[in-house]
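2 protein chains.
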Amino acid sequence: MEIIRIIRIMQDTSKGHLLHSRSIGFVPTMGALHEGHLSLVRRARQENDITVVSIFVNPLQFGPLEDFERYPRDIEGDTAKLREEEIDILFLPDTSLIYPEGFSTYIEVEKISEKLCGAFRPGHFRGIATVVTKLLNIVKPTRAYFGQKDYQQAVIIKRLVKDLNMDVDIVVCPTIREHDGLAMSSRNTYLNKTEREAATVIYRCLTEASDLIRSGIINGIYIKGLMHERLLKEPAVSGIDYAGVYDPETLDELLEIKGDALLAVAVKIGDTRLIDNMLVTTTKGR
Amino acid sequence: MEIIRIIRIMQDTSKGHLLHSRSIGFVPTMGALHEGHLSLVRRARQENDITVVSIFVNPLQFGPLEDFERYPRDIEGDTAKLREEEIDILFLPDTSLIYPEGFSTYIEVEKISEKLCGAFRPGHFRGIATVVTKLLNIVKPTRAYFGQKDYQQAVIIKRLVKDLNMDVDIVVCPTIREHDGLAMSSRNTYLNKTEREAATVIYRCLTEASDLIRSGIINGIYIKGLMHERLLKEPAVSGIDYAGVYDPETLDELLEIKGDALLAVAVKIGDTRLIDNMLVTTTKGR
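Note that the protein sequences, when read in sequence, are chains S and Z. First residue of the first sequence: 331, per our numbering; consecutive thereafter. First residue of the second sequence: 331, per our numbering; consecutive thereafter.
Check the hints yourself; a few may be wrong.
Since copy identity is lost for identical chains, a pair holds within one copy or between any two.
What the hints assert, rightly or not - Straight-line alpha carbon distances no greater than 27 Å define the calculated DSS-like cross-link-like pairs of lysine-lysine that follow:
1) LYS445 - LYS554
2) LYS588 - LYS554
3) LYS345 - LYS488
4) LYS554 - LYS441
5) LYS492 - LYS345
6) LYS523 - LYS563
7) LYS441 - LYS588
If you are wondering where the hints come from, they were derived from the structure by calculation, not from laboratory data. Source: prediction; values computed, not measured.
Looking at chain S on its own, in the form it has when it is part of the complex:
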């Protein structure tokens, strides 16, 4: 595994592989790697000649009151895990190289960036759209891999790649969960024992709502009500940013469920904000 820290070297390395008609699979991460990330890495390895993983904690996607400073970092542990996965390149750029003095270009994906998490984290998806565009231009992948856990992020990235005519396939992979259903997240390490146990309410809430929809209930507002009730019964839930039923493409709230539906939740467990979602497809089931 080669570690590259310089943008120009990463670009030239990728160009070399592409000139030899080797496909490049890319997994952009913020590090603190868990099984969710590793599932993306394995998929990228399976489907491509060359696998590149980046670790970059992107300051641009954190609000001033958010957890940028506190966000878990474990470069040594991450490096060991990626070596074990036998990836080809770890791209590890410094913040000052990604955002040098004078940096002033931003990508805005309108409408879908304002929904769900966007309403609670202003500038968050602008930061993600900008850094992902940069990373895609640097790594030049054939395919880039993202987790479904960050559903809105995946929709936004698919949109911007299409809108800006970027020549890359965006592959969205299933959410990986702990044995009790909690979606894997680097932020789970923030939870104390009580909070960790309480956090399973999110998965249970999503599963129950999914079962209700599949049993034939089509009233989105009714299901939203049950989801809120379910979450608020758990004393460790200190706040709900959103919980409900949404259009999987526009992310608009669904009053009536006619086709596919996205169940999505963002809650605070103690001080930790966690998100999760479940796609309920009417044709194929989940």
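Use these hints to put chain Z onto chain S, whose structure you have.
Below, chain Z without anything else, positioned relative to chain S:
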């Protein structure tokens, strides 16, 4: 000369050339080609294996009260001229392919987009930044060519290419002028005979200001005053958007000229808005 109208075909054609290590020179235009455009085309041909010219009148860079509908279009004449220049590919996409339904991603280059023309044409440079990013992703050029006449546009494109790590050289070529000094522009066709004669005041104003700076005058405000006076003496000048001395990089107004200086003018001659500029370099002369 091949004419390509489909984005995917353009992308695949370029990819084929790059796989064979052929360099691609790209001249994006809005058509109504004049000697200014053709000078870019010739430079692109000289410096690259493959030359691509695009013609696309970009609705996104026109304000609601601007001249999008009226903007000169001459696909037949343009095609003939480009055939004569022996370019390889004319890329001629339809608006509905560049901005399909649901399009919602925009590039913002902050600060420099708000100066000069940006202050008078809100959204103009956002529209340019967005379409140029798209075109660069579609054509995948080694080098892209722009005229110095649109100085601010060139600075913004250089900024966004750097900020987004796009792997392309931006080449800025000298302004091409009519025999009496008027900068070539597709919009010159809007001018009637009196206006056309009056329009030379712009070049004369820039030349005089340039001479003053080179004679040692360093007071930017004084020179700005003289430029305004000069322009307003011409009865056909119906308004001045700006005229003055600016920092060539930040585009901020220069009170005192210490190094290189940008002289820039945007005026209305009758109903036609014309821009022009001149770079006064202290080390090399102009």
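Evaluation of the provided hints:
When the C-alpha separation of LYS445 and LYS554 is checked against a cutoff of 27 Å, the pair qualifies only within one copy, where the shortest distance is 16 Å, while the shortest distance between copies is 47 Å. For the homomeric pair LYS588 and LYS554, the shortest alpha-carbon distance inside one copy (15 Å) is at most 27 Å, but the shortest distance between copies (64 Å) is not. Taking the shortest Cα distances, LYS345 and LYS488 sit within 27 Å of each other both inside one copy (23 Å) and across copies (21 Å). For the identical chains of this complex, LYS554 and LYS441 are intra-copy neighbours only, at 22 Å inside a copy versus 43 Å across copies, given an alpha-carbon limit of 27 Å.
Within a single copy, LYS492 and LYS345 get their C-alpha atoms as close as 22 Å, and across copies as close as 18 Å, so both meet the 27 Å cut-off. Taking CA atoms no more than 27 Å apart as the test, LYS523 paired with LYS563 passes inside one copy only; the shortest distance there is 18 Å, against 80 Å between copies. Proximity of LYS441 and LYS588 under a CA criterion of 27 Å is satisfied intra-copy only: 22 Å inside one chain copy versus 45 Å between copies.
Of the numbered hints listed earlier, not one is contradicted by the structure.
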